[in-house]
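Given the structure of chain G, go ahead and fit chain R onto it with the hints provided.
Residue numbers (the working numbering), protein chains in the order written: chain G, 1 to 304; chain R, 305 to 591.
Some hints could be false.
To be verified - Take a look, some chain R residues computed to stay more than 12 Å from chain G by CB distance:
1. V353
2. D513
3. Q541
To be verified - In the SDA-like style, the derived pairs of lysine to any residue whose C-alpha atoms are separated by at most 25 Å in a straight line are:
4. K197(G) <-> E578(R)
5. K528(R) <-> V394(R)
6. K197(G) <-> H478(R)
7. K197(G) <-> Q426(R)
What the hints assert, rightly or not - Computed far set for chain R versus chain G, every beta-carbon distance over 12 Å:
8. Y348
9. A363
10. R382
11. N438
12. E470
13. E559
14. P561
15. P577
I should point out that these hints are in silico values taken from the structure, not numbers from a laboratory.
Bear in mind that the values here come from a model prediction, so they are computed numbers and not experimental data.
Beta carbons are placed, not taken as given, at the ideal position from N, Cα and C, and that holds for glycine.
In case you want the letters, here they are:
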Amino acid sequence: MSGKLKALSGGRAVARTDGRARARRARGVEAVARLVTGAIALAVIGVAVFVLGYIVYHGIGAINWEFLTGVPRDQGRQGGTFPAIVGTLLVVGTTAALTVPIGVMAGIYLAEFAPRTATTRVIRLSITNMAGVPSIVYGLFGLAAFVLLADLGRSIIAAALTLTCMTLPVVITATEEALRQIPQDVRQASLALGATKLRTIGRVVLPAAGPGIITGSILGLARAAGETAPILFTGAVFQMRQIPDSPLSQFMSLPYHIYAQVTSVPNWNEELIWGTALVLVAGVGFVSVMAAIWRSAQRKKVTW
Amino acid sequence: MNVLEIARDGMIAVAAPLADVSARAAESAHAPGSFKLSDVGVAYGRDLVIEGVRMDIPAQAVTALIGPSGCGKSTLLRCLNRMNDEFGTVHVYGSITLDGENIMARSMDPVELRMRVGQVFQRPNPFPMSIYDNVAYGPRTQGIRRKDDLDVIVEESLRGAALWEEVKNSLKRHAFELSGGQQQRLCIARALATRPEVLLMDEPCSALDPISTQQIEDTITELKSTVTIVIVTHNMQQAARISDQTAFMLRESLEAPAHLIEIGATRTMFTNPEDVRTESYITGRFG
Numbered sequence: 001m002s003g004k005l006k007a008l009s010g011g012r013a014v015a016r017t018d019g020r021a022r023a024r025r026a027r028g029v030e031a032v033a034r035l036v037t038g039a040i041a042l043a044v045i046g047v048a049v050f051v052l053g054y055i056v057y058h059g060i061g062a063i064n065w066e067f068l069t070g071v072p073r074d075q076g077r078q079g080g081t082f083p084a085i086v087g088t089l090l091v092v093g094t095t096a097a098l099t100v101p102i103g104v105m106a107g108i109y110l111a112e113f114a115p116r117t118a119t120t121r122v123i124r125l126s127i128t129n130m131a132g133v134p135s136i137v138y139g140l141f142g143l144a145a146f147v148l149l150a151d152l153g154r155s156i157i158a159a160a161l162t163l164t165c166m167t168l169p170v171v172i173t174a175t176e177e178a179l180r181q182i183p184q185d186v187r188q189a190s191l192a193l194g195a196t197k198l199r200t201i202g203r204v205v206l207p208a209a210g211p212g213i214i215t216g217s218i219l220g221l222a223r224a225a226g227e228t229a230p231i232l233f234t235g236a237v238f239q240m241r242q243i244p245d246s247p248l249s250q251f252m253s254l255p256y257h258i259y260a261q262v263t264s265v266p267n268w269n270e271e272l273i274w275g276t277a278l279v280l281v282a283g284v285g286f287v288s289v290m291a292a293i294w295r296s297a298q299r300k301k302v303t304w
Numbered sequence: 305m306n307v308l309e310i311a312r313d314g315m316i317a318v319a320a321p322l323a324d325v326s327a328r329a330a331e332s333a334h335a336p337g338s339f340k341l342s343d344v345g346v347a348y349g350r351d352l353v354i355e356g357v358r359m360d361i362p363a364q365a366v367t368a369l370i371g372p373s374g375c376g377k378s379t380l381l382r383c384l385n386r387m388n389d390e391f392g393t394v395h396v397y398g399s400i401t402l403d404g405e406n407i408m409a410r411s412m413d414p415v416e417l418r419m420r421v422g423q424v425f426q427r428p429n430p431f432p433m434s435i436y437d438n439v440a441y442g443p444r445t446q447g448i449r450r451k452d453d454l455d456v457i458v459e460e461s462l463r464g465a466a467l468w469e470e471v472k473n474s475l476k477r478h479a480f481e482l483s484g485g486q487q488q489r490l491c492i493a494r495a496l497a498t499r500p501e502v503l504l505m506d507e508p509c510s511a512l513d514p515i516s517t518q519q520i521e522d523t524i525t526e527l528k529s530t531v532t533i534v535i536v537t538h539n540m541q542q543a544a545r546i547s548d549q550t551a552f553m554l555r556e557s558l559e560a561p562a563h564l565i566e567i568g569a570t571r572t573m574f575t576n577p578e579d580v581r582t583e584s585y586i587t588g589r590f591g
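Bound conformation, chain G alone:
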């Protein structure tokens, strides 16, 4: 072996040991990274489980037939939450009926029709910013615009309109993003078959984006269901014995019931309030979980 070759192979041997040491270090770093990220993930899950467990532990004792179907007595210290459950359903239902069509149509416009100009960029930015506005600000806006200016009074419809303003950006953004995930070549395939743009959207793009749109809408509405601030000035009341009979009625609501009891009632009944929280969390959780299950079933069918 010539001296040059020997030197070369010697160099290679050194390089190989270096390489091994580097690989060992890299494996060590990776193990630490896995441990740290895993621990953080576990901590986050732990907090969620703790919060849920705490609510269930304190609230489960309150859950019985009278609690779910009765009216509040003794300023809410006794009795049930039926009017609050119905009120929440009515307000969220009205909000959904307003938000989903408007939001989906706005999302379709932004994703499929809007040109990329300065104006549409400003519109997009405004929508993103709308999602960041604190909910109490929506509450004040609702009071000014819907309760007073539009003269709807403190009512289900005024509260639902307020919640709609708050939820719209979520639904619009979810719709736009779901539509953008549909590959361009599927749209082109439809156009190349002689379909119009509208038909392409209606028959191909929108059905494919459906799961994303519905999940986004449900998450937005779930948040609306738990909000207190937007309904505080726009229609929620402390106590009602009957359920609302018109869109212009005032209403009881689960989150507002909790807030009002804790802040305004001396010697409030802790167990009933935990129970109310449990009903709210269970309802929102149930809908979210159903949406997730449905979505994953859809995703199994559709992968691009």
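Just chain R, lined up with the frame of chain G:
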């Protein structure tokens, strides 16, 4: 006369209110589906990318467009069904006629044109729906609603794309359950379902394995007796195997637009090309 010819005669009756019936009837005496391009140019905004293309695309034959990446083959292909209209800033110049009819005229409805000139894309792109609904999509767009009619069209089209035997018992299955090659043949069937005169294929095999490629090539050879086929391909052997006529395009610099360098019978192009650039490309010296 085979199934597709019968099918096309049916289509003329169906599309009668849309098309100029007498002109179409006169044309159908000859085989319909021949293009004539004169001085066709394409610009993206102000950037001229193709210039001065003259070519005849005969009916019932396979014309292959070859050339290096970025030479405008796909762009030229999209001129033939006005798909460039969908990309706002693209302008097409010159004249393109299909069976003597100017397809760039304002009076030509791109929606109608695209039912006569189908397209198959580079990647299989079935719609997220059942196999049946994929094929029935075009006919339904044309307003065909009756289940019996649709059943006939779906079967014919799937047979035309050589997929019928594999899927006849699972038409309700989701299209995404098919393999890549089957999906591409489904896309061919979907394009055939509007009973087109011409089928444009933009590198239809580039995402497929050799066996699927072979099946698609066999399908193309089967189809050319009834449908004019224009295929863009990067695969020289493929062009040589399946095409009757080959057109070689080249963009010699980014500052200059692409030109059609040479067009001729495939056999001549591959054995005895006139232009030295064609020879270099075909023998693999560049591109």
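Do the hints match the structure? See the list:
Separation of V353(R) from chain G is adequate, the least Cβ-Cβ distance of about 19 Å exceeding the 12 Å criterion. In this structure D513(R) is separated from chain G by more than 12 Å, as the shortest Cβ-Cβ distance comes to about 19 Å. The claim that Q541(R) lies off the interface holds: its Cβ sits roughly 26 Å from the closest Cβ of chain G, which is beyond the 12 Å cut-off. Of the pairs offered as hints, the one joining K197(G) and E578(R) is violated, with about 44 Å between alpha carbons and a cut-off of 25 Å exceeded.
Proximity of K528(R) to V394(R) is assessed by CA-CA distance (about 30 Å); at most 25 Å being required, the pair is judged violated. As the CA atoms of K197(G) and H478(R) are separated by approximately 24 Å, the hinted pair is consistent with the 25 Å bound. Taken as a hint, the K197(G) and Q426(R) pair is honoured in the structure, with Cα atoms around 21 Å apart against an allowance of 25 Å. With a closest Cβ-Cβ approach of about 16 Å to chain G, Y348(R) is found to remain outside the 12 Å limit, as its non-interface label requires.
Listed as a non-interface residue, A363(R) keeps its Cβ farther than 12 Å from every Cβ of chain G; the least gap is roughly 20 Å. With a cut of 12 Å on Cβ distances, R382(R) falls inside the contact zone with chain G, its closest approach being about 9 Å. Non-interface call for N438(R) relative to chain G: violated, since the shortest CB-CB distance, roughly 9 Å, does not exceed 12 Å. Look at E470(R): its CB is around 20 Å from the nearest CB on chain G, clear of 12 Å, so calling it non-interface holds up.
With a closest Cβ-Cβ approach of about 27 Å to chain G, E559(R) is found to remain outside the 12 Å limit, as its non-interface label requires. With a closest Cβ-Cβ approach of about 24 Å to chain G, P561(R) is found to remain outside the 12 Å limit, as its non-interface label requires. With a minimum CB-CB distance of about 32 Å to chain G, P577(R) clears the 12 Å threshold, and the non-interface call stands.
Checked against the numbered hints given earlier, this structure breaks hints 4, 5, 10, 11; the rest are met.
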